[in-house]
Each structure stands twice: as structure tokens, then as C-alpha cells.
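Engineer: Model the placement of chain Z on the given structure of chain H, informed by the hints.
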Amino acid sequence: MSSVEAMPAIRKTALNAVHRQMGAKMVEFNGWDMPVEYPASLGGGIIAEHTAVRTAVGIFDVSHMGDIRLAGPQALAAVQHISMNDASRLAVGQAQYSALLYPEGTFVDDVIVHRLGEDEYLLVINAGTREKDFSWVRNHTREFDCVVQNLSDDYTQIAIQGPKGVNLLQKLTDADLSAVKFYWVTRGKLCGLNNILMGRTGYTAEDGFEIYVPADEATSARVWNEILVAGREFNVVPCGLGARNTLRLEGKLPLYGHEISDTINVWEAGLDRFCKMEKPEFMGRTALEKAKAAGVKRTLVGLEMTERGIARDGYKVLDGGGCEIGYVTSGSPAPFLKKNIALSYVPRELAAVGTAVKVEIRGQGVGAVVVPTPFYKRQKKTA
Amino acid sequence: MAYPTDRKYTKEHEWIEVNGTTGTVGITDYAQQSLGDIVFVETPKVGAELTAGKTFGTVESVKAVSDLFAPASGTVTEVNAELATSPEKVNQNAHGSWMLKLTLKNPSELDRLFSAAEYEKFVAEEAGH
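Top line first, the protein sequences correspond to chains H and Z.
Sequential numbering from 1 applies to the first sequence in this note's numbering.
Sequential numbering from 1001 applies to the second sequence in this note's numbering.
Isolated chain H (complex conformation) (with noise of 0.2 Å):
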């Protein structure tokens, strides 16, 4: 007889039952039983959620992403010494995007760096790198006198995001929400809940808040079922992962396997203005040094169908003669916007904006261009 490795169970959210019952399409994701998109006949399908969030407000269930709290004297430090941005620059209450990075350079994770108090983050990190990036920042950060906490099964964390997202959830919680900038937080009492965190932060390219309540099932089906119910006169629609990759890739925004990963480095992903060299040390600074005065060789661009076809994920990118000179780490339909875009990896010489390249559809090169990204950027309201 051979012998079975044990197959991790599939991981479920306090949400997962919610989901279910309310008939959402399931997938598992990174590990995790995750709602894809939900049924028309609760305004759902991965389209009419994308659209709800670009033009009124959709909800997501995103208690997949992890938490890793840094308390202590020299919790800064530590936050400084693992990520690229500078956490130095945040009051308390503000919030950035970040990464933190392998001694070569590369990404380990990217991640939002939250300062919650005088000498406490909360760093909010991807789904599938929970256990890698725990480890990551315990073990990089034992010289630092601060505690370091997997918070990660403690909330339920539900994004609530489009122009109305704000009004829907000021009917929820007592906290001033109008004070709150983008990508600052507040806490306040939240359906009935005292001191919940919220934070004017999400992955849609859309205003919005996510809120942190306790992961138990009970609170996280009332607090989302209460949602909905105070969504109702701006007519929210419940968001699955479908509609999260379109939003966030029609904003540009990268994801973790895809745009970065452990064998991309800052500058080819292009996030140079979140990596703050003028910090005299962090991981991976020494490297970027050296790969910045190399030369950076390849460049993240954004790219739009010219013909007929779509560009998915790993196709390969080839010049007007037909030879192979990238490949897309990221590719779909833009429901807002009604093309066919996707990001891609091309040689420095090629990223120019105009230039036409061909994605390998089926063996056939279909027409593209290099556009501006991002290719979606919403209005920003005035007062």
C-alpha cells in the first residue's frame, strides 16, 4: 500500500453557511470555500456585481485575508525593518499599502499596513500566504521588543464598497464616518457591536469601508444579514471573488502570485512610489539597490484587446513578428469598462504606451496595445 499524504481541508469562513443558503456559485480559492458570484435573482452574477460596486454598492466576504497584530515599544521598528513603505509617516488611525519582501527584492506578500495606536499595527495580508507571512514576520522580527499575534481566525471581515458605501454603513454605526479619509480608520459601535474597527480601505478601486467583527457565526451572519437589510434603499448587491478580480483588475490593483510574487521585484511590478529607499534599511533594500543601478529588464504593463479575444491568465505575450516576449499574469473581460484587458510583463524596450503587441489565444496572435494604466480611476467626490 502507498502511503497518503493528508489533504488540508478546504477552510470555510463564518460566512460559508450564509453563502450557501443564499444559493452563491462556490469556489474554493487559495485553499478556502469562497462564494464566486451569487444569483440574479439576489442582483447577482459576476457582472451585475461588478457594475453594483462601480455604480452603487456591493458587499464582499473577505475573512479569507489574514491579520498579523505588532505590539510593543518597538513595534514600529519592527513594521520598518519587514516592509518597504514607511510606516514611520502614520499617525495613529492611517493606513498604507505595503510589501514585504525576500533579501532578493522580491515580494513575500504585499499587505496594508494599519497603525492603530501609539505603538500597535495590524498588518491585513493575503489568504493564501497567512501562514507563510506569520512566520515571515515572527521570524524576522525577534530583535524587536514587541509581540507579535496571528489574529487571523479573530474577525469576520466584510468589505463594503462603491459610492454608496459610506451611507450604507453610517445608517450601521455611530462612528463619524464623513471624518474618516481614504484609507484612514475609525472604531465605533457597529450593529450593536462595540469598538469594531473600520477602515476606509478595499481592493475595488471604489470608496469603501472593510469591517472587522468577531468571527463568530452567529455575530457575522447578523452583521452581514443587517447589511443587506440597510443596503436595501441603495439597492447592494452581496459580491463574490468574480467580481473582486474584475474590480481590482480594472483598477490596476496587483495580486499576490500573479503580478508580485517570489521571483518579481519592486521595480518590474512597478510599486516604486510604495517603497521608500530614503529608509536607511529594510529587507530587501540592499537588493534593490543593485537591481535598480542593473537596470530594471522587464516592466508590468496594461494591456486592451484591439481583436476579437480575451486574454487569460499565463497567455503568452508575442511582438508584431510573433516572437514570444512576455506572458499575462493577469487577464478578463472589464465588465465597467467593456473591453478585453490584462496585465502583462514585457521587456523594458516594448511597455511603451501605443505599442502593439499580440496575446497567443489557441495558437493564434490576437491584437493588442499597451495602454495607460489603471485602466479604471473613479471620480473622487468633492466635499
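Hints are computed from structural coordinates only; laboratory data are not their basis.
Mixed in with the good hints, there may be bad ones.
Here are the simulated lysine-lysine pairs, DSSO-like style, with alpha carbons at most 30 Å apart [what the hints assert, rightly or not]: (1) H:Lys132 with H:Lys276; (2) Z:Lys1045 with H:Lys316; (3) Z:Lys1105 with H:Lys316; (4) Z:Lys1121 with H:Lys338.
All figures in this text were calculated on a predicted structure; none of them were measured in a lab.
Structural biologist: Coordinates of chain Z only, in the frame set by chain H:
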């Protein structure tokens, strides 16, 4: 649901409606429901030769690419151009959205296909898994 009895069905969820030696082909309501929003349909050119059971094109949803399998062998005589601009019609009315017409080479191949009642049973079993 009750599937139209005026046609036959494949395991891969295509339907074929036959008039004399002309077959009209599309995908079933079960297929469009499983796929979700259809954004792209790729069909062969007029004149192409199809072989029963072999792929003849693709139908794409937002997330995935699915092969289309020929219910019968024959030569393509017409292709529904509307699906190039309005693929969502397949979601709206799968049984009323034809993809192509072909002249059947070997009508006895149809005997192998499901009747409406057999297909309905097949789908109920598949959906139950």
C-alpha cells in the same frame, strides 16, 4: 425544467434541432446557468467540417473558457453573427439562441444523443453531485 422535445442533447450540454438534413446547434439552459455571464462565443467559419464529439469552438464566461462539442458531423452552412456582438443572448434564452447550422453527414449519429427526458434526468444527476 422541461427541455424542448423538438431536439436532441449531448452530454456536453449542446442541443441540436433537425429539419431534414439541416441541424441547428446551440447550448442548453443548464450550460448557460453553469457558465454565468457569457462574454464571447467563438464559432467556426461557414464551410468548416465538424466531427461528432469533437470540439468546434469555445464559449467564454467572465472567468472561464469552455469547449463546444459537435453533436453531429457535417458541414457548417450558417453561423449566428449576432452572438459576436451580443453573446449575452445565450444567457437570456439559451434554447432560442442558435450558434450554427450544418448539413448533416450522418444522421444516424443523432440516435446516440439524449432525448429531452433523458437529458433532463442526466442534468438532475449531474447537478446533484
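Engineer: Can you list which hints this structure breaks, lowest number first?
Structural biologist: 3 and 4
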